[in-house]
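Asker: Sequence:
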Amino acid sequence: MFTSTGSSGLYKAPLSKGLLLVPSALSLLLALLLPHCQRFFVYDLQAIKDDFQIWRLICGRIICLDLKDTFCSSLLIYNFRIFERRYGSRKFASFLLGSWVLSALVDFILVEAVWYSFGIAAAGNLPSGFLAPVFALFVPFYCSIPRVQVAQILGPLSITNKTLIYILGLQLFTSGSYIWIIAISGLISGICYNSKMFQVHRVLYVPSWMAKFFSRTLEPIFSSSEPTAEARVGMGATVDIQRQQTMELLDRQLMLSQFAQVRRQRQQVGGMINWNRLFPPLRQRRNVNYQDDRRSEQQASPPLEVSEEQVARLMEMGFSRGDALEALRASNNDLNVATNFLLQH
Numbered sequence: 001m002f003t004s005t006g007s008s009g010l011y012k013a014p015l016s017k018g019l020l021l022v023p024s025a026l027s028l029l030l031a032l033l034l035p036h037c038q039r040f041f042v043y044d045l046q047a048i049k050d051d052f053q054i055w056r057l058i059c060g061r062i063i064c065l066d067l068k069d070t071f072c073s074s075l076l077i078y079n080f081r082i083f084e085r086r087y088g089s090r091k092f093a094s095f096l097l098g099s100w101v102l103s104a105l106v107d108f109i110l111v112e113a114v115w116y117s118f119g120i121a122a123a124g125n126l127p128s129g130f131l132a133p134v135f136a137l138f139v140p141f142y143c144s145i146p147r148v149q150v151a152q153i154l155g156p157l158s159i160t161n162k163t164l165i166y167i168l169g170l171q172l173f174t175s176g177s178y179i180w181i182i183a184i185s186g187l188i189s190g191i192c193y194n195s196k197m198f199q200v201h202r203v204l205y206v207p208s209w210m211a212k213f214f215s216r217t218l219e220p221i222f223s224s225s226e227p228t229a230e231a232r233v234g235m236g237a238t239v240d241i242q243r244q245q246t247m248e249l250l251d252r253q254l255m256l257s258q259f260a261q262v263r264r265q266r267q268q269v270g271g272m273i274n275w276n277r278l279f280p281p282l283r284q285r286r287n288v289n290y291q292d293d294r295r296s297e298q299q300a301s302p303p304l305e306v307s308e309e310q311v312a313r314l315m316e317m318g319f320s321r322g323d324a325l326e327a328l329r330a331s332n333n334d335l336n337v338a339t340n341f342l343l344q345h
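Counting from 1, one number per residue, gives the positions in the sequence shown under UniProt numbering.
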């Protein structure tokens with residue numbers, strides 16, 4: 001339910017699963033059982049600069065000492081797992097590493113700017129945890145995930161598939177006094193890495209040998225099985241609604257399986273996929289007399305018009321125009337379904 005796009009679960013996202021489990025478990029351990037050890041994980045820039053406690057740059061920027069920050073950042077990481085599925089674990093880890101390192105430098109610059117501009121010493125009050133890379137992930141989330149309207153309220157105001165994520169980010173942004181410094185540094189580092197500014201992606205990245213090492217050692221531990229599709233039917237739903245939801249679920253499962261099979265054939269032979277031949281419109285499948293009137297309906301029905309705005313959104317995500325057109329035609333202009341097809345296969 002709390003997901004912007006893609007299937008549920010942590011399938012093909014072992015790094016996201018590790019970031020969810022390990023820091024959260026350590027944060028709970030420090031808060032409940034070892035509160036006297038929290039001083040070692042304080043993100044104190046003043047101690048780093050004056051006492052050369054460089055180790056605080058690592059310890060203070062991994063584990064959250066505030067459980068509210070742990071909860072919010074965990075939910076955001078779960079929703080941002082779509083980037084690991086899309087780019088792969090190595091590229092996703094490179095983005096997190098690059099934004100994590102860049103944000104440390106920006107933290108120093110912002111703290112010094114606040115001191116010289118307003119005379120406020122914020123160096124010893126910065127929140128701890130893996131927060132800057134989480135804010136950095138809002139940059140590709142804003143740029144590459146399509147915005148689909150879910151509901152409209154108060155005239156021009158609308159609720160989209162991304163609204164809850166932005167609200168959760170705002171909640172994390174306002175959770176502390178100086179967390180806005182972490183948020184700004186994370187956004188700046190995310191912009192620099194995502195736009196390939198100063199060629200930082202060529203300097204700050206995960207080497208292939210390291211990726212292979214962690215793939216062999218840690219990926220089997222944090223890997224998840226492929227989720228099985230289950231129909232979620234309300235307890236008070238009528239029989240007609242239950243039948244409609246079941247039919248929609250079967251339609252999507254059929255489209256996913258046939259799309260995967262034909263895409264494998266296309267990789268071997270080449271050419272475009274004839275989606276209309278594979279997937280008849282859903283309205284025709286629900287018709288009881290579809291088998292009798294199939295030929296007449298196919299001859300009489302005009303070709304489905306595809307929204308150019310939705311095609312442009314899919315192309316912004318990196319898909320070709322041909323695949324975007326065919327996916328939208330197959331899903332009856334359902335952008336969420338078309339996006340799931342192209343992202344998961």
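These are calculated hints, taken from the structure and not from any lab test. The structure displayed is predicted, hence computed values, not measured ones. Note that beta-carbon positions come from the ideal geometry of N, C-alpha and C, so glycine has one too. Wrong hints could be hidden among the right ones.
Stated by the list, open to error - Below are the DMTMM-like pairs computed for lysine to aspartate or glutamate, each with C-alpha atoms no more than 25 angstroms apart in a straight line:
| # | residue 1 | residue 2 |
| --- | --- | --- |
| 1 | Lys91 | Asp323 |
| 2 | Lys162 | Glu309 |
| 3 | Lys212 | Glu112 |
| 4 | Lys12 | Glu226 |
| 5 | Lys91 | Glu219 |
| 6 | Lys68 | Asp50 |
| 7 | Lys91 | Glu309 |
| 8 | Lys49 | Glu309 |
| 9 | Lys12 | Glu219 |
| 10 | Lys12 | Asp323 |
| 11 | Lys212 | Glu226 |
| 12 | Lys162 | Asp334 |
| 13 | Lys49 | Asp66 |
| 14 | Lys162 | Asp44 |
Claimed, not checked - Beta-carbon label-pair distances, calculated as ranges:
| # | residue 1 | residue 2 | range |
| --- | --- | --- | --- |
| 15 | Ala31 | Ser223 | 25 to 31 angstroms |
| 16 | Ser223 | Leu32 | 45 to 51 angstroms |
| 17 | Ile109 | Ser177 | 41 to 47 angstroms |
| 18 | Glu309 | Ala31 | 21 to 27 angstroms |
Asker: Next step is simple, just say for each hint if it's right about the structure.
Answerer: Verification of the hints:
Taken as a hint, the lysine 91 and aspartate 323 pair is honoured in the structure, with Cα atoms around 24 angstroms apart against an allowance of 25 angstroms. Distance restraint check for lysine 162 and glutamate 309: the Cα-Cα separation of roughly 17 angstroms lies within the 25 angstroms cut-off, and the hinted pair is therefore satisfied. A threshold of 25 angstroms between alpha carbons decides the hint, and for lysine 212 with glutamate 112 the separation of about 40 angstroms lies outside it, so the pair is violated. Between lysine 12 and glutamate 226 the alpha-carbon distance is near 8 angstroms, which keeps this suggested pair within the 25 angstroms criterion.
For the hint pairing lysine 91 with glutamate 219, the CA-to-CA distance comes to about 15 angstroms; that is within 25 angstroms, so the pair holds. For the hint pairing lysine 68 with aspartate 50, the CA-to-CA distance comes to about 30 angstroms; that exceeds 25 angstroms, so the pair is violated. Restraint check: the Cα-Cα separation between lysine 91 and glutamate 309 comes to about 29 angstroms, which exceeds 25 angstroms; the hinted pair is violated. Between lysine 49 and glutamate 309 the CA atoms are separated by roughly 51 angstroms; this puts the pair beyond 25 angstroms, and the hint is violated.
Proximity of lysine 12 to glutamate 219 is assessed by CA-CA distance (about 10 angstroms); at most 25 angstroms being required, the pair is judged to hold. Under the criterion of a C-alpha separation no larger than 25 angstroms, the hint pairing lysine 12 with aspartate 323 is consistent with the structure, at around 23 angstroms. Only pairs whose Cα atoms come within 25 angstroms are accepted, and lysine 212 paired with glutamate 226 is accepted, the gap being roughly 22 angstroms. A threshold of 25 angstroms between alpha carbons decides the hint, and for lysine 162 with aspartate 334 the separation of about 16 angstroms falls inside it, so the pair holds.
Among the hinted pairs, lysine 49 with aspartate 66 is consistent with the structure: their alpha-carbon atoms are about 24 angstroms apart, no more than 25 angstroms. Using a Cα cut-off of 25 angstroms, the hinted pair lysine 162 and aspartate 44 is violated, with the two alpha carbons roughly 34 angstroms apart. The hint said 25 to 31 angstroms for the Cβ distance between alanine 31 and serine 223, and at roughly 28 angstroms that hint holds. A hinted range of 45 to 51 angstroms is violated for the C-beta pair serine 223 and leucine 32, which are about 28 angstroms apart.
Range check, isoleucine 109 to serine 177: Cβ separation about 19 angstroms, and the 41 to 47 angstroms hint is violated. Between glutamate 309 and alanine 31, the C-beta spacing of about 47 angstroms breaks the proposed range 21 to 27 angstroms.
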